[in-house]
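Colleague: So you can see what is in the structure, the chains are spelled out below.
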Amino acid sequence: MRILSLAGRRLAASLPSLLIILIGVFLLLQLAPGDTVDALLAQMGGGGDAATTAELRRFYGLDVSVPVQLGNYLWRLVRLDLGFSAIYGKPVSTVILERLPATLLLMSASLSFAFFFGLLFGVIAARRVNGWQDSVISTLGLLFYATPSFWFGLMAIVLFSVHLQWLPAGGMESIGEGFTGFTRVMDIASHFVLPTLTLGLIFLAIYLRIMRASMLEVLTLDFVRTARAKGLDETRIITRHVLRNAMLPMVTLIGLQAGTMLGGSVVVESVFSLPGLGRLAYEAVVQRDLNTLLGIVFISALLVIAVNFLVDLLYARLDPRIAREGS
Amino acid sequence: MSAILSIEGLTVGLPKGADRPHALSRVTLELRAGEILCVVGESGSGKSMTASAILRLLPPNVAIEAGRILFEGKDLAAATEAEMRAIRGAGIAMIFQEPMTALNPLRTIGDQIGEMFRIHTDLGRAETDKRALALLEDVHIPDPKLAMRAYPHELSGGQRQRAMIAMALALSPRVLIADEPTTALDVTTQAQILALIRDLQRRLGTAVLFITHDFGVVAEIADRVAVMQHGILVEQGEAAEVLQRPQHAYTQALIAAVPPLTAPPPRAFSSEAILRLEGVSKTYRNGGFFGRGKRVTRAVRDVSLVLPRGGTLGIVGESGSGKSTLARCIMHLVKPDAGVIRLGDTDLASLSPAQLRASAKRIQMVFQDPYGSLNPRRRAGELVAQGPMVHGMARGPAMARARELFALVGLDPAAIDRFPHEFSGGQRQRIGIARALALDPEVLVADEPVSALDVSVQAQVLKLLAELRARLGLSIVLITHDLRVAVQVCDLVAVMKDGEVVEHGPIGRVFEAPEHEYTRSLLASVPGRDFALAKGAAPLSRV
Amino acid sequence: MKRFLRDYARSPAAVVGLLLLILVIGMAGTADWFFPRDPLALAGRPLQWPGANPRFWLGTDNSGRDIAAQIFHGARIALLIGLVATSIAVGIGIGIGAVAGYYGGIVDDVLMRVTEAFQTLPNFLLLLVLVSVFGSEMSTVVVAIGVVSWPAPARLTRAEFLSLRSREFVEACRTLGMRDRQIIFREILPNALPPVIVYASVVMAVAILLESALAFLRLSDPNVASWGNLIGLGRDVLRVQWYVSAIPGVAILLTVLAVSLVGQGLNDALNPRLKGR
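Residue numbers (this note's numbering), protein chains in the order written: chain A, 1074 to 1400; chain B, 165 to 707; chain C, 49 to 325.
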């Protein structure tokens, strides 16, 4: 209960950030050359007389001053109305909801992959510090960190889809095959293998590095010496005393990097033609669909805040010192 | 009595590049059944290394090179790692200096004590819990049932050390190694823990190897004493014998440096007040986003004190008593919520920031930590010259002044080009004093100026303060947790507890006839009190 | 200084990193000398495999441009982006972090809310918004990358200042009557700087990766020889002539690796306590 109220408080504290983002990006987009109506007219083949343009401006609420527009926008957001996408001809919320599942799936898969293997490799490297296992793992970590994700994705397509033909090169599932049930799940899974690896690789590198450093740090702490003086063997010292303490910085990092990961999905979804939020953002920029772009900014921020909320809950479960704070 | 643990010719090598080749050279030592053997020495003497070597918990790159460690007929220096694990905790247990960090912060006390049984026995869960609870009762922890489920951060330092002792004694080890177990604790807590160790040791017949730097503690607890210096055992013998008739010059010096506990005859000082505190209060409020989860700490409550010109006022208290906050209020590093602080006739709160900066000349501070109080990236001379330069002196004359001050505080004036890390702790504290004196202050506030120093260095720095006071006519506020420090240099003393001054007056009166209950318990808690009292009056303040 | 160099040279990885970095700098410096022509001009028949034509030892791309020339000239762009964007990000970060960490209280609260806002918004998304608003000229892109990368160095600087400002040597400066500005810049900053400088290598690596991703999506400046542009171009012929994308990717990888290794080497040399880790 304490934990929940603490995390709830952190959630409330992120409201100002959300407001800053929305106002900031809204005002920023006012500086963009041309508005939604211009984009719409351009898409329809240009032209349009003054009366139609004014009519359209009124329809999209663009005929009033900027502060009033901002006020209207925020008020609509409170009612979860993200506006209308001129390009897709649908409400922005509908467009985003269609695209959300692919992104959520990609993010959770990549995060799990990076977390699990980062933890595993970090622990192995720290236990064999300066041994050959450590050297191999640390070198791979450095290489993964330096690899541009989109390039890794392209090369993986060349190798696994074009030459070996093991995995599909793009899309979310095989269209027209009519898979259902388990076969459909497996089909979608096979489509997500490469994107997950591509997006997760850099985070795997980051997590394994922090896990290794944090393990080595914790191993020097006094309570580890106490554990040794009790007669515990090294394996149990790691599993019972070091691991949980060493995981704390890594858990913090997940929250801090949720935004970076979401940003990375823009590129990865473009490489693998996944119909996700990131690709939608890219399309919105290219087609100057500002309403949709603003909606994506809002939803992305909410996603990051949600991830941080979960991370707070996890952290408080791991560390009893946090749960007590302020109660 | 026969030896349970005997160390024969133990030599421990240090890695290349250390200040000496051996951490320990040819140490020979015996711990007999049912005794408390104190191993005494200053920092770097190798006393803690001895403890680590016995359990073979030496830091990496440090290894036993020669000698034997015999425990129950087995040579630990040659034992396998598995054999050592069976002995650690069960045959020889250990407690450490820092109860704050020696327990795993993420696991409950009961779990960590229970782990002892899980490692070395096949007891079931219920039996383990029962025994852990009994142990916590044995060490007189308040509310043992609650303590079982508590996490380390929920206990006070003293309670944590009790929990550590309970854990160490779980399997009734034949030997308990205690590595400075009371150094990080307040004096009253220290007295309780020492009494507990003594009591348990008598009851269980455990042999205790007690590592300490404090001869007061030795006088309090030891049956026998071993004195170490630079990795060599210089003297050992019965406690009473060593304390009364030390043979080795180093032991003599250490014992001479133990401060006596009787106040010297009062000194004369002016009746005019240089610093006057009236109803000073400071409250800290933590957290409190949306008004929830607020924690209020009343660090200083309604303190009124007077420092006469030329006098020295000691402010004594344990950690959390608010003495350091009070010092920072006086220095205007912290703004008090209420009350007036007058320096001479000036109310400091009425000054503008610029005037306040200018008035900095009149009141200066010496800090506790000789490592943290000097900017590591500036040369020692610059650190001292900084003050005059801030107040408008040109660089040349300011550096010349720094040179003079170096000589005044007993440092080599040629050393002004060195960086702080090239000086020893005591020398660094002298630099700190020189920096404070560079502005010719009327009042010097010294916050625990000697608590981070070895006992022989403490005496030198206190002597320097007393000399400077006489030469420069300084008025001093001395903050300390150690009554033995206060009694050497102070004319007046104020005892603080939980932010309040519970008693104040001339030091002789407070020490001989304490009025407040807390003052009495503080005095009674000083380790080796009888020994210190027997040493007679302080020689220092007669300077 | 000598000792610092010796400490640095002790790690083979750091030396490899430095050599790689010198190689990239060398490529940037000699680009005009080896490839005096415009790297984006038509050079020969398109899609010649590396080694097939001795004139183009890394082959040509789908528009018939010399890949080797683009790699050499691209090194300039990568380094330019890395240096300028990193300077902007670290500059803003130190300024905000120092003020927030030193003053604390409301100032800290406000600045940290803004920093959190920047971290809550995915940085690549913000970059997209900035580019779509201000256009994709190289100067705009570089500034935009700097602007989205400052929160992490700001947090780091703030953490350093928070721990340093309560250190006794800072209190000592205040009791001497020193002004805040002097304390922040002359006393605390030199002590807070080493970890931030080391972290700058991370910012630089990320900046190079961000620009290449942007260029890959064809949202960066199409008129410069950026490695990312070339990868994006090569995507059209990926199935057969994969070398067009592969080669510039390796260039990015090695450059980022060099920067990271040098950063790590600096870190180890500056913090001897952590040696052997």
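It should be emphasised that the hints constitute simulated quantities derived from the structure, not laboratory data.
Honestly, I wouldn't trust all of these hints.
To be verified - No farther apart than 20 Å at their CA atoms in a straight line, the calculated lysine to any residue pairs in the SDA-like style are these: (1) B:K238 <-> B:L222; (2) B:K499 <-> B:D466; (3) C:K50 <-> B:H585; (4) B:K499 <-> C:K50; (5) B:K180 <-> C:R51; (6) B:K499 <-> B:R462; (7) B:K525 <-> B:H555; (8) A:K1163 <-> A:A1115; (9) B:K499 <-> B:P517; (10) B:K525 <-> C:R51; (11) B:K499 <-> B:R582; (12) C:K50 <-> B:R582; (13) B:K525 <-> B:R541; (14) B:K525 <-> B:A579; (15) B:K525 <-> C:V155; (16) B:K309 <-> B:D293; (17) B:K238 <-> B:D293; (18) B:K499 <-> C:V155; (19) B:K309 <-> B:A355; (20) B:K238 <-> B:N225; (21) B:K499 <-> C:L210; (22) B:K499 <-> B:P472; (23) C:K50 <-> B:R541; (24) B:K294 <-> B:R271; (25) B:K525 <-> C:L210; (26) B:K294 <-> B:L310; (27) B:K525 <-> B:P472; (28) B:K499 <-> B:A513; (29) B:K238 <-> B:S166; (30) B:K180 <-> B:T192; (31) B:K525 <-> B:H496; (32) B:K525 <-> B:L515; (33) B:K499 <-> C:R227.
Note that the coordinates shown come from a computational prediction; the quantities given were computed from them, not determined experimentally.
Colleague: Checking one constraint from the list: CA of K238 of chain B to CA of L222 of chain B, max 20 Å. Satisfied?
Modeller: holds (19 Å)
Colleague: Between K238 of chain B and N225 of chain B, is the straight-line Cα distance small enough, at 20 Å or below?
Modeller: violated (24 Å)
Colleague: Quickly compare the C-alpha distance for K525 of chain B and H555 of chain B to 20 Å and report which way the hint goes.
Modeller: OK: K525 of chain B and H555 of chain B at ~8 Å, within 20 Å.
Colleague: Could you grab the alpha-carbon distance between K499 of chain B and R462 of chain B and see if it respects the 20 Å cut-off?
Modeller: holds (14 Å)
Colleague: Are K525 of chain B and R51 of chain C close enough, with their CA atoms no more than 20 Å apart?
Modeller: At roughly 40 Å apart (the allowed maximum being 20 Å), R51 of chain C and K525 of chain B break the hint.
Colleague: Is K50 of chain C within 20 Å of R541 of chain B, Cα to Cα?
Modeller: holds (17 Å)
Colleague: Compare the distance between the alpha carbons of K499 of chain B and A513 of chain B with 20 Å, and conclude whether the hinted pair is satisfied.
Modeller: Holds: K499 of chain B and A513 of chain B sit about 8 Å apart, inside 20 Å.
Colleague: So if I understand the rule, the pair passes when the alpha-carbon distance is 20 Å or less; does K499 of chain B with D466 of chain B pass?
Modeller: holds (14 Å)
Colleague: Between the alpha carbons of K525 of chain B and L210 of chain C, is the straight-line distance 20 Å or under?
Modeller: violated (27 Å)
Colleague: Are the Cα atoms of K499 of chain B and P472 of chain B separated by 20 Å or less?
Modeller: violated (23 Å)
Colleague: Quick one, are K499 of chain B and V155 of chain C close enough, alpha carbons at most 20 Å?
Modeller: holds (18 Å)
Colleague: Sort out whether V155 of chain C lies within 20 Å of K525 of chain B, counting only the CA atoms.
Modeller: violated (30 Å)
Comparing the model with each numbered hint stated earlier shows that hints 4, 10, 11, 13, 14, 15, 17, 19, 20, 22, 25, 30 do not hold.
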